[in-house]
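Given the coordinates of chain X, assemble chains S and G onto it according to the supplied hints.
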Amino acid sequence: MRGLQLTDDQLREMYDWLRLSRAFEERLALLNRQGKLMGGIYSGIGQEAITVGTVYGLRREDFICPLHRDLGAFLVKGVAPGVLMAQVFGKRDGLSRGKDSYLHAGDTTLGIFGNTSMLGSNLPVACGLAYGFKLRRQDHVVLAYFGEGAANYGDVHEAMNFAAVNRLALVFVCENNLYAYSTPFEKAFAIPEVAVRAQAYGFPGVDVYGNDLLRVHRVAQEAITRARRGQGPTLIECKTFRWHGHSEHDRASYRTQEELIEWRARDPIPQFERYLEEKGLIDEAGRREVTARVERKIDEAVAFAEASPWPEGPEALEHVYAD
Amino acid sequence: MSGTAVLMPHMGESVVEGKVLRWLRREGEPVTRNETIAEVETDKADVEIPAPIDGVLAKILVGEGATAAIGAELARIEPAAGAGGAPPASARPAEPASREAARPAPGPPSPSPDAPPRVISPVVAKLMARHQLTAADLDRIGGTGVGGRVTKPDLLAYVERRGRPEAPPPKATVESGLDRPGDRGGDAPAPTPWPPPEPTVRRPQSPAADEPVEEVRLEGLRKAIAEHMVASVRTAPHVTTVAEVDMTELVRFRAYHKARFQEDEGVPLTYMPFILRAVVDGLGAFPMLNSSLDGERILVRRYYHIGLAVATAAGLVVPVLRHADRLSVRELAGAVHDLAERGRARKLRPEELSGGTFTISNPGVFGGVLSTPIIHQPQAAILNVQAIRTQPAVRDGAIVPRELMYLCLSYDHRIVDGATAVQFLQHVRGRLEHPLVLLM
Amino acid sequence: MPTEAPAGAAAGEVTYLEAIRQALWEEMERDPAVFCLGEDIGVYGGAFQITKGLFEHFGEERVLDTPISESCIVGVATGASLIGFRPVVEMQFGDFISCAFDQVVNQAATLRYRYGGRQSVPLVIRCPCGAGVHGGLYHSQLPEAWFVHRPGLKVVAPATPYDAKGLLKAAIRDDNPVLYFEHKGLYRRIKGPVGDADTLVPLGVAEVKRPGSDLTLVTYGAMVHPALEAATRLADAEGVETEVIDLRTLAPMDRETVLASVRKTSKLCIVHEASRTCGVGAEIAAFIAEEAFDDLDGAIVRVTTPDVHLAPFSPPLEEYILPNTDKIVAALTKLAAY
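Protein chains in written order, with the numbering used here: chain X, 1 to 323; chain S, 1001 to 1440; chain G, 2001 to 2338.
Chain X on its own, in the form it takes in the complex (with noise of 0.2 Å):
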């Protein structure tokens, strides 16, 4: 790919974490209709070239705040699989420790800032984070994740605002699916899309196609790096589709099947795939092996999590205040 210098190494890891990414979501579904979860389960099938293209590559002081998702993300930045299950369960083990539910809590000590519901509201905090690094001249980069829904939401221009006026090391990725639950994009824009919007805050916006893992990390890197120079954020518009409802518990009757087909399709793994195939880096074999580990760590991520414990009644009660 022009301008991207990856090594072997590089590419087979990016596969890797597609596949450990997938699986993993492919187990939460099964868990959930095993009826051992509980909650919403918001799953990102079908967008992992947009989590995996943009995280990979970042230092452990750059930060992520992504949404509900983009459990990619989390992975890839370095939570262990074993703690994000154990966090979807519920246990005492999550990042949370059973205090709030699926991807709502992150870790600090490895660059990622878990959000509320409210969508959009990550990208002040994001905007804090991306100052403090001003304030001590550190070129460290922030990353905060909306989709197109959330797109229009207040704090979502009070920040790009913000970080445009201060030029700040900020990457806003939009993850365009095109439905936010069931509103589809055409009822909530009178635009023909978000990238557009960036250019009325002063910064760039550049428009890419969400399926394609490679192009997604080029146009990140291209970012991020612009952020690390101090020219200020980028917002990227990665356009997509999830295979599954909103949440596990809706059936999308809203898109047509004719739709999902077609995205389905379109699926990044595959397409990825093909790309190594061409460059000799991966064969039956070598598919049939990953598949094998990541099934494993998988297994080994729900066993910890089922062994880990719940968290006792008055814990409840804790963590209220710093002391």
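Since the hints were derived computationally from the structure, they do not count as laboratory data. Don't be surprised by glycine CBs; every beta carbon is placed ideally from N, CA and C. Don't take each hint at face value.
Far from chain G, by Cβ distances over 12 Å, these chain X residues were calculated [what the hints assert, rightly or not]:
#1 L6
#2 K36
#3 L276
Calculated pairs, DSS-like style, for lysine-lysine (alpha carbon to alpha carbon, straight line, at most 30 Å) [to be verified]:
#4 K1059(S) <-> K2327(G)
#5 K2327(G) <-> K2209(G)
#6 K1258(S) <-> K1223(S)
#7 K1019(S) <-> K1347(S)
#8 K134(X) <-> K2209(G)
#9 K279(X) <-> K297(X)
#10 K279(X) <-> K36(X)
#11 K2052(G) <-> K1126(S)
#12 K2334(G) <-> K1126(S)
#13 K2264(G) <-> K2209(G)
#14 K1347(S) <-> K1223(S)
#15 K1258(S) <-> K1347(S)
Leaving out everything else, chains S and G in the frame of chain X:
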């Protein structure tokens, strides 16, 4: 306010309030310790109020004609300058003077039947329990809160005052005549007597124009008597037994000696000393008639305090002649005379109105022949002495005129059976019919 | 450091406003992690001139002028606090905190909890609040009760220069999100001594501003002053001694001090300028009724603004609704007489 309080004294266990009849000193006048500065009327007696210290009558808090609860402040006396030997100048612990000024004088507490229910705040309830106070104590405390409510400071001040040794008249420990069995000086609640059902009373109808009705308020002694009589009848199952006494000998004896007696002793010789001797003798032989029922126990008293009912303008009072068994006929005559005089003048002391073990009443002086008296609680019996009349009697087969008198004894059939009662009366009769024995 | 002790102040006495500025200055000097952000706080020195002089001394990055974006500003403070900064946000008027409500109550307040205790949010949001300044409906509010109700937030409301300075310093050093309600009516009206650079007023500790044995009066913020006046008036006129407790911190509240006082006096009056229903006074009345019922010698009374908006603009309307010394005296007198 500073100074020493003049309090409404305790005057018998069941007395809860008194009325100030007269102030003998005005505000601003000097007073001497123990000088009588006011007169107060209660159900039972008129009482003189002495000044507790030398000083000046600084403030009268309860005026003439006004009523106040036992323990309430009637006035304040400022000590005389340099009154070193006087009791503590302040009735309250050291407090800023301005705080006293903030408090109005305690108003009359003790709700009448028509008053709204008493308000007891949580902290007052807690302190009542801690200091073992009862509703009766609340009645005694002058409440300074809204509507006469007893406040926490009121209660604490009361507890403080109650603990002081110089507090004027100490609480009476003897039983008053109106005590019910089991009363313990007001600290513990009295045990509930056997309760017959409440009789339904039809209220009198409004008067018509040609049927005038004068209203007399039921209060004071009259009210106390009314309440006591109802209580007594509801407590004890009364049976009355009658004995006929031939008083001829005694009549002659008295007629012979009375003039000389009056000269020598200065008091008249009535029949009462003899009756007293005979009754006391009878009680010695039949002690159950000198007892009280206290819950599950019968207290058989081995001392003889005889109440003698005295009719006064306001109603019946019953001064008690203590240790009647220790007095000779002559001494009894003097004591009876004195009690009767002071009773009529309502000058009896509180301790003289309580503690009786048996009561004698004398409706005979008015000519009454037979009666069914009501027992003076918590005693076991009461004896009515009826009129002595010349009546025909049968002696040795002949009809002769004799001086005959009925004795009517009402007794508490829980404690005393008919046989005992009759035998007691016969014993008394025997003594009265042979009076020489009484003189020994 | 530029100071602004007004003419006539005793040596060492400063205004409430100056006390706040001193706190900011000293903490920014002491700890490079402390920085301020808000609208017009930098070059202009702040709408109330609290931050005057800070920009010139500490620079534009540590005294950041922001766009009009209350929600973003609070989010920025939260983000910066995650990587070791101690930001102090200035809401130009405390009324505008409603624009940042989600960032305060959902983002900052829950962060430590949803991270299972592994992360703190050491930020301060200064909110100029309070009525009696002809501010109308959006420059007079006292919204503290919303935030006292929200777990995870600390709320303070100083009444004196000493407490203003000491509490702000302590709030900045506290690892929790702290809402600091400074009463704008006190800025220049109140003068007093303040502590030195190392003197903190601890959060969570009330102060008995005036001891007494007959009544307990609990209050905070600007109302401390008419409360003290009322207590003096009552003592002089009726000899009734009122114990005036300044809560200083509303969350976490120093309940023990209030309990001890009510156990002593058995009568409680609560005064706050904020409106009545579900104000902070409601919580105090409830917990005292629960925990000191047996010590009460009268009903718990509250003197507050009624359930109207704070505050109507026209002076006779504003004066009508606000608590003042006379209204407090009347309530205390009635309580004492019960």
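Going straight from one Cα to the other, do K1019(S) and K1347(S) come out at no more than 30 Å?
-> Holds: K1019(S) and K1347(S) sit about 15 Å apart, inside 30 Å.
Keeping to a limit of 30 Å between CA atoms, is the pair of K1258(S) and K1347(S) held or broken?
-> 27 Å, holds
With a cut-off of 30 Å on the C-alpha distance, tell me whether K2264(G) and K2209(G) pass.
-> 16 Å, holds
Closest CB-CB distance from L276(X) to chain G, is it above 12 Å?
-> 37 Å, holds
CA of K2334(G) to CA of K1126(S), is that 30 Å or under?
-> 23 Å, holds
30 Å Cα cutoff - pair K134(X), K2209(G) = 45 Å, violated
When you check the alpha-carbon spacing of K2327(G) and K2209(G), does it fall within 30 Å?
-> OK: K2327(G) and K2209(G) at ~20 Å, within 30 Å.
Hinted pair K1258(S) and K1223(S), Cα distance within 30 Å | Since the Cα atoms of K1258(S) and K1223(S) sit roughly 39 Å apart, the hinted pair is violated (cutoff 30 Å).
No chain G beta carbon within 12 Å of L6(X)'s = 29 Å, holds
30 Å Cα cutoff - pair K279(X), K297(X) | Given that 30 Å is the threshold and the Cα spacing comes to 27 Å, the pair holds.
Keeping to a limit of 30 Å between CA atoms, is the pair of K1347(S) and K1223(S) held or broken?
-> At roughly 19 Å apart (the allowed maximum being 30 Å), K1223(S) and K1347(S) satisfy the hint.
Taking 30 Å as the top limit, are the C-alpha atoms of K2052(G) and K1126(S) close enough?
-> 57 Å, violated
Checked against the numbered hints given earlier, this structure breaks hints 4, 6, 8, 10, 11; the rest are met.
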